[in-house]
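Engineer: Listed here are the chains, written in short residue letters.
Protein chains: 2
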Amino acid sequence: MVSWKNLDTLAVYDKFLALKGTVDLVKEMTGENGAARVAKYTVPMACGLNYNFAAKEVDDNVLAVLKELAEEAQLTEKYEELYNGAVINTGEKRLVLHQLCRGQLGKDVMADGVNKREFYVSQQKKAADFANAVHAGEITNAAGEPFTTVVQIGIGGSDLGPRAIYIALENWAKQNDALKMEARFISNVDPDDAAAVLKSVDIPHSLFIVVSKSGTTLETLTNESFVREALKNAGVDPAQHMLAVTSETSPLASSTDYRAAFFMDDYIGGRYSSSSCVGAVVLSLAFGPDIFARIMDGAAAADELAKNPDPMQNAAMMDALIGVYERNVQGYLCTAVLPYSQALARFPAHLQQLDMESNGKSVNRFGEPVNYVTGPVIFGEPGTNGQHSFYQLLHQGTNIVPLQFVGFKQNQAGMDVDIQGSTSQQKLCANVVAQIMAFACGKDDEDPNKYFAGGRPSSLITGEQLNPESLGALLAHFENKIMFQGFLWNVNSFDQEGVQLGKLLAKRVLAHETDGALKAFSDLLEI
Amino acid sequence: MVSWKNLDTLAVYDKFLALKGTVDLVKEMTGENGAARVAKYTVPMACGLNYNFAAKEVDDNVLAVLKELAEEAQLTEKYEELYNGAVINTGEKRLVLHQLCRGQLGKDVMADGVNKREFYVSQQKKAADFANAVHAGEITNAAGEPFTTVVQIGIGGSDLGPRAIYIALENWAKQNDALKMEARFISNVDPDDAAAVLKSVDIPHSLFIVVSKSGTTLETLTNESFVREALKNAGVDPAQHMLAVTSETSPLASSTDYRAAFFMDDYIGGRYSSSSCVGAVVLSLAFGPDIFARIMDGAAAADELAKNPDPMQNAAMMDALIGVYERNVQGYLCTAVLPYSQALARFPAHLQQLDMESNGKSVNRFGEPVNYVTGPVIFGEPGTNGQHSFYQLLHQGTNIVPLQFVGFKQNQAGMDVDIQGSTSQQKLCANVVAQIMAFACGKDDEDPNKYFAGGRPSSLITGEQLNPESLGALLAHFENKIMFQGFLWNVNSFDQEGVQLGKLLAKRVLAHETDGALKAFSDLLEI
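Sequence order for the protein chains is A and B.
When you line the first sequence up against my numbering, it's residues 1142 to 1668, in that order.
When you line the second sequence up against my numbering, it's residues 1142 to 1668, in that order.
Simulated from the structure, these hints should not be mistaken for lab results.
Just to be clear, a hint being listed does not mean it is correct.
Treat identical chains as interchangeable: a pair holds within one or across any two.
[To be verified] Below, computed lysine-lysine pairings styled on DSS-like, alpha-carbon distance capped at 27 Å:
(1) Lys1340 x Lys1208
(2) Lys1156 x Lys1644
(3) Lys1219 x Lys1550
(4) Lys1181 x Lys1660
(5) Lys1315 x Lys1168
(6) Lys1660 x Lys1584
(7) Lys1648 x Lys1208
The shape of chain A in the complex, shown without the other chains (with noise of 0.2 Å):
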């Protein structure tokens, strides 16, 4: 039986707390006994990838605290929970069901009278027999011209998810004849966005897929009507260009203003939908339906591996337990996600809302405010990007950054240089392993200027390559350690109540409801 407790009402809690400042960082870095870490201190990941946090400010004694911790705060049994149907989701009432979309972890979840598997199966079915007769030339413009480019029209994780996927893939698959279509995205309500996108793409050989839930959202459907009278502008029928990926009860989900309409449901929510046809529509069309089904493999492989109740073995638990530790114990705000690949360039967007959506919350899953900090800030750019940005603060700055840094062995364009005796992808992976080793031990230096205190945390995940597989592990495994988290805080990991307010004052401000200070600010931008 799963008992849902606060951190700190955990019998752990204590000795958890009196961790703090018990690793010298610097000191267990240098000389041979970093280099016995670095073996040590490792946990597989699915598809070859591998989290190593050596250099994290943990020894035995730590790892020995968070694993009683684990147990505790039984995590895998949550988890088990969540993967066979519990309502996890308790502010809204909702199952939790991303990781179904990648394979059945559990017994069979049974929810509106179907099995979800088979739901969410059978989307991603349709997602592909769509996406392969575009390919083939069965389904074309009104001039029986093919479709060339398709536009995804969604905010929030109807687009930084399957963005950030984009990105990461698509010079990859461009390297492995997989591009299929080129894929745009837009997200703001600046109308700007849509301007732009539109003057990008080729309108009559354009497909676009209107992403909402609810049916409701008010970027989309305002970009969606910009949408359609572009389209009406540029001679062609919007109901032949236009998809919706939708609920089924929403009032999308049966408008013939749409070519299809592909189905989620309220047991995903939008952060962790790229799996789901929020994804499988935009991804099956641009790489093709195989692609897609490789990140679902790669996403199932790290959900599989997610259960073992070892941390040792478990590598989502264990960034997550070192997080929580780095938070509560260590103290500290932000973590910086730092890929050495310029593929996962929208990445860490992604996982800022990932994160900060999902934890950043000040009271636990049954409404009770909670006494201790929850999900930290974070931010990111690619290296060597941001060596040459924001790392002097994250160097010598006052306040500690933990930092989270992701490398691969090879790169994906095969192209490279080789300079002064090595390639452009060796001095990639060199920086990153230099900058782990400076930010950990430092450098003594007389000159106080020059003089690095060292100390700063950090962990890497390493792969060979950055390709369908290690990219669904990589969504996954980052996924797992927030919903982990979630449940080390006790707070509900998939609601997001924080931005309901903004929204009802917006309306008003649009209403012209608004007194004070409202109507003062409004008046500045003449609304």
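Place chain B on chain A using the hints.
Structural biologist: For chain B alone, coordinates are given in the frame of chain A:
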């Protein structure tokens, strides 16, 4: 006579610290007092912009102390020293002259035997003449055909600022028939970055600008070689397609490998170099020299306003003071930059470098450790996108993150759509003001999950439209804010010793001169 003192040695310091928690933002912003604050707490900026800080945790008492702090810290006098050519960059013993690229703020500044304003103007003119000749078809490729694309090869300050500016004005330029050439950027040493950009451009009709002050930046030289190979493979002579932006003493300066060379000097740091030839060449080619000059005019106007000793008339100074108050008195670590303008999509990334590399320091300008926190962590994404991503944590997370909003009355592309009684631009603006009030005042609710504590401070910069002048003013505002904050913290905002250690260790890895953990990590990635 200017006196450089640590913040905690100023007479006003205790009074400053005593401000903690004295302002109840919810109370201040509720009702008619809120409207009065919006009218009162505003500072005019250059080019029609305004800085409104009504929703910051200030009142007349706080402002009086901040003004006293500005005076005792001699912010105006220090700025005067800077623009008159003092050695403000103490670490590297250099003048700090980026503002001089935009206008003559004080005395003539002589260095290296020349009048530096004349030098900067001469280089801008050289860039303008070159760009005009390219646009007129006088400078062409070997086949006599016009160049249509310009590709900047640079990293850090040679990339982020010019790229953010290009993206900010690309659609404005299209709308105003001012887009002369498309611009692309290659920065990352990851070979997939250059490979992707090269695939996207028409090489025989592209100019490539190699940007490196020292002529030794690893990433840039590597990418230059990568591009040279591609040019040769495309059958074109690299010397006809490549330009250099560098210092007069660099190996690139007189090389015949470049069709033309444009010069910068040691008095302009990378992150401040958009106003130098680092920005002038690529932006003059992309938009024409007149547009670049208009950006500079906007920046120059902001630089002039920054001379005013009264924070109520000096937005950069007020912004700086409030930021230091939030950091050192209120204890907030992060600041989120949230432009409600898709065109400013990469402006937060530029500000992230500008701020974190300038003020992420632990020693003062004399190399002595400071006893207080310095520069904040900066991150951000454009609104409304961010609302559907990380705002959950900003509204209901356990830590307060101060916010910097930016909004414009008009969009750039001149296309809009009226849905449910309002345009997209109105919806965009309604959202930004709604967010400010939601953050400031929060909302009571019986359900704690729907409760918003409020008390989360933000400021708002408003403008008519994002155009070359207002963009220049915005850029200079933040540069000058960061400069004033550096003065307050008594740090050197113009060096970046924190980036050196990683470079050193990366060289060792590539030379295989490693042991211990560094070797073990290198083995993980098979370097």
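Engineer: Could you run down the list of hints and mark each one as holding or not?
Structural biologist: Comparing the hints with the structure gives:
1. Lys1340 x Lys1208: neither (54 Å within a copy, 49 Å between copies)
2. Lys1156 x Lys1644: The answer is neither: 43 Å in one copy and 39 Å across copies each exceed 27 Å.
3. Lys1219 x Lys1550: neither (35 Å within a copy, 49 Å between copies)
4. Lys1181 x Lys1660: between (60 Å within a copy, 14 Å between copies)
5. Lys1315 x Lys1168: neither (46 Å within a copy, 57 Å between copies)
6. Lys1660 x Lys1584: For Lys1660 and Lys1584, the Cα distance is within 27 Å only across copies (17 Å; inside one copy 55 Å).
7. Lys1648 x Lys1208: neither (48 Å within a copy, 38 Å between copies)
In the structure shown, a violation is registered for the earlier hints numbered 1, 2, 3, 5, 7, in ascending order.
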